[in-house]
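Protein chains in written order, with the numbering used here: chain A, 1 to 355; chain B, 1 to 355; chain C, 1 to 355; chain D, 1 to 355.
What the hints contain is simulated information worked out from the structure, not anything from laboratory work. Cβ coordinates follow ideal geometry from the N, Cα and C atoms, glycine included. Some hints here could point you the wrong way.
[To be verified] What the simulated footprint calls covered on chain B by chain C, stretch by stretch (three residues with Cβ under 8 Å from a Cβ of chain C suffice, anywhere in the stretch; the number is not a length):
1) 91 to 102
2) 145 to 154
[Claimed, not checked] Under the rule of at most 30 Å between Cα atoms (straight-line distance), these lysine-lysine pairs were calculated in the DSSO-like manner:
3) A:Lys256 to B:Lys256
4) B:Lys83 to A:Lys79
5) D:Lys78 to A:Lys83
6) A:Lys83 to D:Lys164
7) C:Lys164 to D:Lys83
8) C:Lys78 to D:Lys83
9) C:Lys83 to B:Lys256
10) C:Lys79 to D:Lys83
11) D:Lys164 to C:Lys256
12) D:Lys164 to B:Lys164
Number of protein chains: 4
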Amino acid sequence: MATPPSDLPEMEYRFVGRSGLQISAISIGGWLTFGGHVDEEKAHAILKAAYDVGINFFDFAEGYAGGESELVAGRAFKKFGWKRNDIVVSTKINWGAATSGREGNLKGINNVGLSRKHIIEGTEAALERLQLSYVDIVYAHRPDRHTPIEESVRAFNHLINTGKALYWGTSEWLASEIEEAWAVADRLGLIGPIVEQPGYSLLRREKVEEEFRHANLYSRRGLGLTIFSPLQGGLLTGKYVDGVPDDSRIAQSDDKYIQSVKAGVGNEAWKKQQESVKGLIKIAEKLGTDVATLSMAWVLKNPDVSSAITGASRPEQIFQTVRAIDVAKKLDEGVLKEIDDVFGNKPAELQKRFG
Amino acid sequence: MATPPSDLPEMEYRFVGRSGLQISAISIGGWLTFGGHVDEEKAHAILKAAYDVGINFFDFAEGYAGGESELVAGRAFKKFGWKRNDIVVSTKINWGAATSGREGNLKGINNVGLSRKHIIEGTEAALERLQLSYVDIVYAHRPDRHTPIEESVRAFNHLINTGKALYWGTSEWLASEIEEAWAVADRLGLIGPIVEQPGYSLLRREKVEEEFRHANLYSRRGLGLTIFSPLQGGLLTGKYVDGVPDDSRIAQSDDKYIQSVKAGVGNEAWKKQQESVKGLIKIAEKLGTDVATLSMAWVLKNPDVSSAITGASRPEQIFQTVRAIDVAKKLDEGVLKEIDDVFGNKPAELQKRFG
Amino acid sequence: MATPPSDLPEMEYRFVGRSGLQISAISIGGWLTFGGHVDEEKAHAILKAAYDVGINFFDFAEGYAGGESELVAGRAFKKFGWKRNDIVVSTKINWGAATSGREGNLKGINNVGLSRKHIIEGTEAALERLQLSYVDIVYAHRPDRHTPIEESVRAFNHLINTGKALYWGTSEWLASEIEEAWAVADRLGLIGPIVEQPGYSLLRREKVEEEFRHANLYSRRGLGLTIFSPLQGGLLTGKYVDGVPDDSRIAQSDDKYIQSVKAGVGNEAWKKQQESVKGLIKIAEKLGTDVATLSMAWVLKNPDVSSAITGASRPEQIFQTVRAIDVAKKLDEGVLKEIDDVFGNKPAELQKRFG
Amino acid sequence: MATPPSDLPEMEYRFVGRSGLQISAISIGGWLTFGGHVDEEKAHAILKAAYDVGINFFDFAEGYAGGESELVAGRAFKKFGWKRNDIVVSTKINWGAATSGREGNLKGINNVGLSRKHIIEGTEAALERLQLSYVDIVYAHRPDRHTPIEESVRAFNHLINTGKALYWGTSEWLASEIEEAWAVADRLGLIGPIVEQPGYSLLRREKVEEEFRHANLYSRRGLGLTIFSPLQGGLLTGKYVDGVPDDSRIAQSDDKYIQSVKAGVGNEAWKKQQESVKGLIKIAEKLGTDVATLSMAWVLKNPDVSSAITGASRPEQIFQTVRAIDVAKKLDEGVLKEIDDVFGNKPAELQKRFG
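Given these sequences and hints, build the entire structure.
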């Protein structure tokens, strides 16, 4: 297996919001990789490399590769024999796992959503795949706008009370929905969501920097963030600045979200993004790093971010990503201003207040 | 086993009131059939046919055939190996199971009612018969007017907290009793009943259309309905319009409720009902269906109905019943008005408001 | 084993106060008999006779015969194979069981009282002796005036929440203590005590008829009563009216309470009591029964009494006791007045209000 | 094994504050001894000697000797077969156990602190080491100033609700932190900390006699105290009055706290302390005892102290310590005043009020 280079920076750990749980600032997620286009041997090598560089947070979901992602991870946990208290494992519930529904009907009618039935049945199925007796965090994977939030809050607390999860969070919920979950929890004396998992990158700043901040979710609720797609699905690696290569994820993946990105290739927004990335490449060169590492470093610079979840196709990618911890230290106010100017998407109020 | 005809409409799924649980609009119940006058092989064929047409809700009670109904279903669940999350199974507690009481004393003194003792002991016995570790819904089968509603609300929540049920509901409770259960639940921070199971048909409309609506149980409490006897014990099949046949359920069954219906055969109310059914037969003919399917379709047209529970003596009956989903689409305001005029029992206030 | 006479009255069942639990109006207790001066074979015969006459409530305590009473009953339950839902079994916690403490120190320091530690450890030990997974009622056997009532209320609710008891009650608590337990339960949303177990007989009326009634425990809290010593330790059998026989319990038992009764033999109160008993004997003769059966019938006449707990040294005593159900029907206002006049101890306020 | 001398005073038992739990006024702790510099055979002999003189409270922590202390005790409990209800066992969570973290990283990042994750995982690991299914008391070993107190209060209550602990407490928390824990518990209807474990001795009086008393923790919250270091790490044995011997703990231990004491040897405060100890030696001589026993007796004289936790390197030390129970009886107001004058550290307000 791959050995971490000796000059990697030491891993940084952060509290998940105001909770007492600590996770590595860089973490690894099972989306689009484990159980998907990366074979099991390589997937295990990646998990091992992540553990070796000090990553302790491993993020999964019932919906990743129809459950395969968790199966691959479960076998890795068993094989490596890591101590349970040394790792923080999450799953996310909402989209169902392919193996749980009726045949000929990919997802059963109650195998999706945030009903009490699916939250409990889905988490138990995920635990079986992960070969664990509990996850550290169970997330509501997107909101379910039919099920009353009270039903979901109660179900997540049921998982906590029965020892199947230690904490719960949300993913891509509106600030108003997170606030309602907290209001329900307060009214019933239950535990509220300690963490939200939004997409966040130099190309997607509003939710994290504006919506959640305005709703006082950081200051009042102590919300933590485990953000995904810090490189905006590869856009911030710079690999598309000269067009979409044939072997890229955008060209090859049949994932719905990736396909929606592909649809926008070449339009005005796309062109503007690529121009920004070109500007960022220049800044990266000045800092002696590459654009992907700089983009990751920029995300880590935000103190509201508890961890940035990254994927990898090879162990070496993990090692490179960790270098962002050093790069982040170079991001002083001047550099940050330069980056803001290149992208021109700093949320309005922050602009107004801080120039 | 029977194969569903290829021209059956696709099953429709509805949320159980405001909860996140989804059930098929048509469902199957174990009353008077499984463990009763239908043999086990046929009962299993009926359950299989129901599953094959997309029915996911299977409704039982400890009191059905003295517990035999649940034993038959339990063996079917085991035989067919359906995934637990693909089905929604309920039991109902109040009347005891014949096998639970002392010998020579059909039902033990604490083997009935809604005491904490019987709710817990009765549900555990039902789970054993059903060979399941939990039911999706446990119902209070009729109110128990001695036991304080608080004791029952706490006991149903105990079942939910210990993982033996996911939701709880009531059957044939007064609106005021359901409201009291919710008030108790609110006061104690507990889970209220998400669903009521009343009798509902063209011949029995008041409770569903007037009593519950006036009490704001749908709008305020989000109450769902899983209604039984949509054909009013066979009256709405039209088979009694020319007198009671010797081989009919009314003529043969020794069930107490059926006997009470039999007692009314030939009186004024009975005659008026048969006249109405004759009128309905004409409307059915115009719509190109039969009176039973039309009666079922009429029930499904009510958006407060989450599911209509039906029985069957043969798999083919299930297939025919499912056609009601198509017939319901033909019930426009004109047809509904025509039906109201034939029966003349539209609840008064609805009449007054909407003519 | 003994067969019940064919002319016994049918057993009467009563709700335990306002709860939904039903118990036989006459019940059997393990005090001073099982595990004590009655051998196991006879004890089992008594339990079997009780079951056969319809008694469903069996009352034990960790302190009875140092735990032996429960061991004897546990073996009986196993031997007879009664269905769990057909019987109501209780234990009482406070005094410890001899087998639970250190050797040479009959009761360990934490093997008594109503601390969380002893309530939980004591009940688990009692369940092991009784060979049951839960008791129906666990009682606080006398108050513990050091331990805060909140600690005890929480511990009894813990037993209910973990399925080791269905209900809890008190024994020989003051009205003010029961009221405080309810106030704590109300404040914390917990379950309050549904039943109190006091001594009650024609010779001891104040607590039941005055103290508890004045505190509105019956009307406001729905408190039930399972009373003990309806014959006041044998005084109401009339066997002491001509002096204490050598083979009587008072003469022979070394139980502390019995010894305290013995100490009073011959004093003014004792003489007055014996005079009253002589008067009662005459009334019993007029009614065609004996004084013990009449005394039991008088207790059953009180509608606040859910059950009268009786002991027995022989199965035949049970049969005779059951006849009190018939005798109670003969106790009209005239007879009750006659009895009140004989004893002259009717609580003052009842006197004043009702003459 | 060592036999207790026949002239030892009888052990005294005290309630833990206002709770119903009773512990011996003198107890034994695993700090710096079991699993540390005392070998297993001797450690077991000490535990046995403690049990034999009536000590029922055994205090451990996950952090003592990296978990070894609990392993040694667990094997002793198994070997001696003491009844679970006869002993009161505690653990303390915060510092992690060496065996729980990653290799090469003594304590994993989540293997310390008072997060829900560590409180639950840490206690379960401690129970495994102790070979017990529950501890009587689980302490928060020092405050964790990042984790919200609500998270910790909920986690300790989770341990109580799942039967892994009966009570919880704190160790070396500020009065304001204990008060906040109680406020959180009150708001959520949860169980608050019944006991604090502070250092307390003739050389360290403020926290116990002033801070906690001013905050009304004894009177309002019923807080109990299980104090440690009654001899202030050996300073009150008098063995340092003529300098630090080579074979003393201060000279030899590499424990961080002991090292901090060592650093102060010879400075002004140290000299003043040794002068005080010399004065105390004279008082001890007058009372016919030694200075260590007198120091322990002085601690026991404080009625807010539930138990004084002591260590031992030999069974005989336990026997001598128990004599403090007799010595405490000789500490009348005159002697106490004499001691206060020698140390001159009586908290100000007590001085002012009582002279």
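Hint check results:
1. Counting residues of the region 91 to 102 of chain B whose beta carbon lies closer than 8 Å to any beta carbon of chain C gives 3, which reaches the threshold of three, so the coverage claim holds.
2. Residues of the region 145 to 154 of chain B with a Cβ under 8 Å from some Cβ of chain C number 6, which satisfies the need for three, so the listed coverage holds.
3. About 57 Å separates the Cα atoms of Lys256 of chain A and Lys256 of chain B, which puts this hinted pair outside 30 Å; it is violated.
4. With a C-alpha separation of about 29 Å, the suggested pair Lys83 of chain B and Lys79 of chain A falls inside the 30 Å cut-off, and the hint holds.
5. With a C-alpha separation of about 26 Å, the suggested pairing of Lys78 of chain D with Lys83 of chain A holds against the 30 Å cut-off.
6. At most 30 Å may separate the alpha-carbon atoms for a hinted pair to count; Lys83 of chain A and Lys164 of chain D meet this at roughly 21 Å.
7. Under the criterion of a C-alpha separation no larger than 30 Å, the hint pairing Lys164 of chain C with Lys83 of chain D is consistent with the structure, at around 21 Å.
8. With a C-alpha separation of about 26 Å, the suggested pairing of Lys78 of chain C with Lys83 of chain D holds against the 30 Å cut-off.
9. The hinted pair formed by Lys83 of chain C and Lys256 of chain B meets the criterion: a straight-line CA distance of about 27 Å does not exceed 30 Å.
10. At roughly 29 Å between alpha-carbon atoms, Lys79 of chain C and Lys83 of chain D fall within 30 Å of each other, so this suggested pair holds.
11. A distance of roughly 38 Å separates the Cα atoms of Lys164 of chain D and Lys256 of chain C; the hinted pair therefore is violated under the 30 Å criterion.
12. Distance hint between Lys164 of chain D and Lys164 of chain B is fulfilled; the C-alpha atoms sit about 23 Å from each other, no more than 30 Å.
In terms of the numbered hints stated before, the structure departs from hints 3 and 11, listed from lowest to highest.
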